[in-house]
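Asks: Model the full assembly from the supplied sequences, consistent with the hints where possible.
There are 4 protein chains.
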Amino acid sequence: MTNKELNRYDRAGHPLATVVDCGGVEIGGGMFQIIAGPCSVESEEQLMCTARAVKAAGATLLRGGAFKPRTSPRSFQGLGAEGIRLLLEAKRETGLPVVSELMNINHLELFNDVDVIQIGARNMQNFDLLKEIAAHSKKPVLLKRGFSATIGELLASAEYLLEGGNPNVVLCERGIRTFVHETRNTPDLVAVPVLHERTHLPVIVDPSHATGVARLVKPVACAAAAIGADGLIVEVHNDPAHALCDGNQSLTPEQFSDMVRAVNLILPNACK
Amino acid sequence: MTNKELNRYDRAGHPLATVVDCGGVEIGGGMFQIIAGPCSVESEEQLMCTARAVKAAGATLLRGGAFKPRTSPRSFQGLGAEGIRLLLEAKRETGLPVVSELMNINHLELFNDVDVIQIGARNMQNFDLLKEIAAHSKKPVLLKRGFSATIGELLASAEYLLEGGNPNVVLCERGIRTFVHETRNTPDLVAVPVLHERTHLPVIVDPSHATGVARLVKPVACAAAAIGADGLIVEVHNDPAHALCDGNQSLTPEQFSDMVRAVNLILPNACK
Amino acid sequence: MTNKELNRYDRAGHPLATVVDCGGVEIGGGMFQIIAGPCSVESEEQLMCTARAVKAAGATLLRGGAFKPRTSPRSFQGLGAEGIRLLLEAKRETGLPVVSELMNINHLELFNDVDVIQIGARNMQNFDLLKEIAAHSKKPVLLKRGFSATIGELLASAEYLLEGGNPNVVLCERGIRTFVHETRNTPDLVAVPVLHERTHLPVIVDPSHATGVARLVKPVACAAAAIGADGLIVEVHNDPAHALCDGNQSLTPEQFSDMVRAVNLILPNACK
Amino acid sequence: MTNKELNRYDRAGHPLATVVDCGGVEIGGGMFQIIAGPCSVESEEQLMCTARAVKAAGATLLRGGAFKPRTSPRSFQGLGAEGIRLLLEAKRETGLPVVSELMNINHLELFNDVDVIQIGARNMQNFDLLKEIAAHSKKPVLLKRGFSATIGELLASAEYLLEGGNPNVVLCERGIRTFVHETRNTPDLVAVPVLHERTHLPVIVDPSHATGVARLVKPVACAAAAIGADGLIVEVHNDPAHALCDGNQSLTPEQFSDMVRAVNLILPNACK
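Top line first, the protein sequences correspond to chains A, B, C and D.
Take the first sequence: its position 209, counted from the start at 1, is 564 in the working numbering, and no numbers get skipped.
Take the second sequence: its position 101, counted from the start at 1, is 456 in the working numbering, and no numbers get skipped.
Take the third sequence: its position 216, counted from the start at 1, is 571 in the working numbering, and no numbers get skipped.
Take the fourth sequence: its position 188, counted from the start at 1, is 543 in the working numbering, and no numbers get skipped.
What the hints contain is simulated information worked out from the structure, not anything from laboratory work.
Quick caveat, the model's predicted, so the values are computed rather than measured.
Among the clues, some could well be false.
Chain copies aren't distinguished; within one or between two, either way the pair holds.
DMTMM-like, lysine to aspartate or glutamate: derived pairs with alpha carbons at most 25 Å apart [to be verified]: (1) K486 to D613; (2) K486 to E464; (3) K493 to E609; (4) K486 to E444; (5) K627 to E609; (6) K486 to D601; (7) K627 to E537; (8) K446 to E552; (9) K494 to D613; (10) K493 to E381; (11) K410 to E518; (12) K493 to D601; (13) K494 to E400; (14) K494 to D594.
Replies: Here it is as structure tokens:
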């Protein structure tokens, strides 16, 4: 059963698609989910308002950052423990399982009631963090591809989690860094079928970071659904113009609702 | 009506989508077309066999290279004039309008009965060729994006044609060069909605060159349809294993037929 | 003196070049240093032999990895605490100050007698690690540029250290990821004068990782010296063919000695 | 003597460095030359003034564009035949051999007295132009690397010239397109030793296009000399602030003189 030549992520050794249970909601193997919510948890009102709206529009998980990896130390760094507390309150109210980014293993116990741990693009090769998460938690991990990581490197990072004892890994394509500057990043959508050939793990797409432009989120979401992605993670804000972070790429609840409708029309005929 | 600030390609000055008549087949403004055929015209049998097959599967234009831009001077350079002759024979037999690449203005008269002149990625910034085509022909031009051209540069090259007097320009996204080497190029599908915002010209996608891998052509074609492309150009060969050029990325007629079916299921719900 | 508009790294607010004291050896402001040693500490014999050789050839600091960030969990991960112990033994014997990579803040006390803490390219945006180092140590930090980080992002990461209270930051250009695959990375040497314009912090170059090819280390080292770098960090191994890590890019002691000689001829006429 | 396995550019089949005679001035095999002059020939006064100045500062060939490949059709396209006429006048007055870009084979006879034909980066894969030049001229060709061409592709383009019968090819590294936007392009200086390993053809560097910033030309020129380049091609303008093209990257005569001095100090100790 164990084969030294194969990695644990290899489809060759595990032909069936892995389905990851994310707080009662399944991703992978034909189960398509939409994770939505604000880039950062900013306040109770902002989060509750957004959470209710994304649930009403059809999101099945809620995202919200409490610890934010910001390029500059002078940018808003997130509400921290208070952000997690608000997220759990939104979970109680809406019933949506919640996803939040972990940047530091010392924060792990704050995530006890968080359903999915997100590892951000900048930490995809923070191997010590991956090892420690795998050692201490069996919670689903949403592993975002580094913005210049090859597909092989993304899979090798997943292997740190799988080998460390956590089999519940969801991969996320979130755009790569190229010479193109009309968009913040270039969505590498063909990574979805390439990953599906090479691994049994589910693969979702983040059209918000991949483009950096709210107007482009819907078309990229439709393309991601068509190409066979197992889900989406989308930034939605009740008032994007006043968001503390990533307002340019955040959808309003109305735009999000329109996107969900468009994606749902594509899904029955997605490429298999 | 003329505005010095605007380029001729700008959507701002021309809100209606341009529809380009390609030998009786219309591309743009809601008219989606599939161009298919071999990378290179290799022989009468190869071309006729492939042409009949792609027509039967639903292609509405036939492609085939007679003059081939090859990285090495020792690679097969195409059949030249004889390739054009065979292509026109296939046109007569199948009734499909034909698309072929022009690399040298001195060959223009050979293209008299060719319906669409293709400008390849490597010649996207061959400004003299663009000027001369515009000066001597009103035929539709399929302008492929250079593999490292920004969207602004692609549009500026289109402007050479428009300003030179040829308004019949179809743009083509065919993959960009990035650090990713799991695929030959990275399909920059988000370029489709970005281009639709900025220009009234139709935009098609080439999933064959964009990926370089036959197995990935169908998923990328589906994503291109979903994201709002106005058409596809796809390499099909009756016997890819023996193709003189690009066999790895060529579909068999059966694979192409399956791709057309999949794309047609997506199209009615494509992102608008 | 404090200016809210300026970052602490800005040259505008601090025209004099910062000189960082690395265990008695100064880097910056005209002081050029060569750091050399093996990618990984593998054994006492390997390290001592290499350490003596690089000292004899003119290196002024010794490098050696004890904790290694490896793409795959199945690759050699370093000797850990034992590697640090051997490194300190080599320091005692040769008198060279030592540089080693820290990947996990919990290892900080193992680094008590290490002279310079290296933050690797993959951790350049591990903001929690940067904050914690700055909070707990005033030791010099060698901050390597992520392989897809812009210059602005490198500086913003340095700001996390400076703002956190550690002013002893040395920046390191180690190659960027591009479409070019003839070399492992593309050395972005022009980053050196660009950084010198924007910041007072010293900037060194790593020609080993930047090229991935031993034969190319000497020419890149000469170019780095000519363009105004404040130092080099070079991988040297007493037996590269049997190195557990990065053997392809490691110099033999003889090649290193030849490189030092070549660099020393350039230095007096380096671009100022 | 002919070996089917080898390309004509291969060093393996031709260990001695090729020395190209450029109107009496030799490039390659230890002969280092500096080509300088304006991006575009704009007027007699501009050209004569700049030509005299670059000669006085130590340039050994004069560059000047008469036919300009411009991204937009609305940008200044060069003086054409009149630009060539002025360039030849400057040649007569200063005695410097001249280099100018050819974009269209129909202009070839205008270049009868031009000493070196430049093929620009955008035409590096304009294979018909390469074939026609080789068929009709034995003049030295300065072949610039496309901004996204691999080293293998540059060499394959050189092979079109060599195989076509023109052995007088000088290669030019002029910066590649990467995600970095602090400079216009990223100078890929390590391409110089990589090319010297693979080919006997001379390799020069264009620090003006590689950086796009006048202040960075001198440091990159020094690094190019140190890494073993066979020459430089540098944009100089008597009044950069009023240049019709590329003023940002043009040196004043004084800056150029300072650059030549700095490069000459490096050259005797360049990496071999």
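Asks: Hint by hint, note whether the structure agrees.
Replies: Each hint tested on the structure:
1. In this homomeric assembly, K486 and D613 never come within 25 Å of each other (Cα to Cα): the closest approach is 40 Å inside a single copy and 41 Å across copies.
2. When the C-alpha separation of K486 and E464 is checked against a cutoff of 25 Å, the pair qualifies both within a copy, at 16 Å, and between copies, at 20 Å.
3. Proximity of K493 to E609 under the C-alpha cut-off of 25 Å is found in neither arrangement, the shortest distances being 35 Å within a copy and 44 Å between copies.
4. Taking CA atoms no more than 25 Å apart as the test, K486 paired with E444 passes in neither setting, with 29 Å inside one copy and 29 Å between copies.
5. Taking the shortest alpha-carbon separations for K627 and E609, only the inter-copy value of 16 Å comes in at or below 25 Å, while the best intra-copy value is 30 Å.
6. With identical chains, the CA atoms of K486 and D601 are at most 25 Å apart between copies only, with a shortest distance of 23 Å across copies and 30 Å within one.
7. Proximity of K627 and E537 under a CA criterion of 25 Å is satisfied inter-copy only: 20 Å between copies versus 31 Å inside one chain copy.
8. For a Cα distance limit of 25 Å, the shortest separation of K446 from E552 qualifies neither inside one copy, at 34 Å, nor across copies, at 38 Å.
9. Taking CA atoms no more than 25 Å apart as the test, K494 paired with D613 passes in neither setting, with 31 Å inside one copy and 39 Å between copies.
10. For a Cα distance limit of 25 Å, the shortest separation of K493 from E381 inside one copy, 15 Å, qualifies, whereas the shortest one across copies, 47 Å, does not.
11. With identical chains, the CA atoms of K410 and E518 are never at most 25 Å apart, being 35 Å at best within one copy and 40 Å at best between copies.
12. In this assembly of identical chains, the alpha carbons of K493 and D601 never lie at most 25 Å apart, being 30 Å within a copy and 34 Å across copies at closest.
13. With identical chains, the CA atoms of K494 and E400 are never at most 25 Å apart, being 28 Å at best within one copy and 44 Å at best between copies.
14. For a Cα distance limit of 25 Å, the shortest separation of K494 from D594 qualifies neither inside one copy, at 31 Å, nor across copies, at 44 Å.
When the structure is compared with the earlier hints, violations turn up for hints 1, 3, 4, 8, 9, 11, 12, 13 and 14 and for no others.
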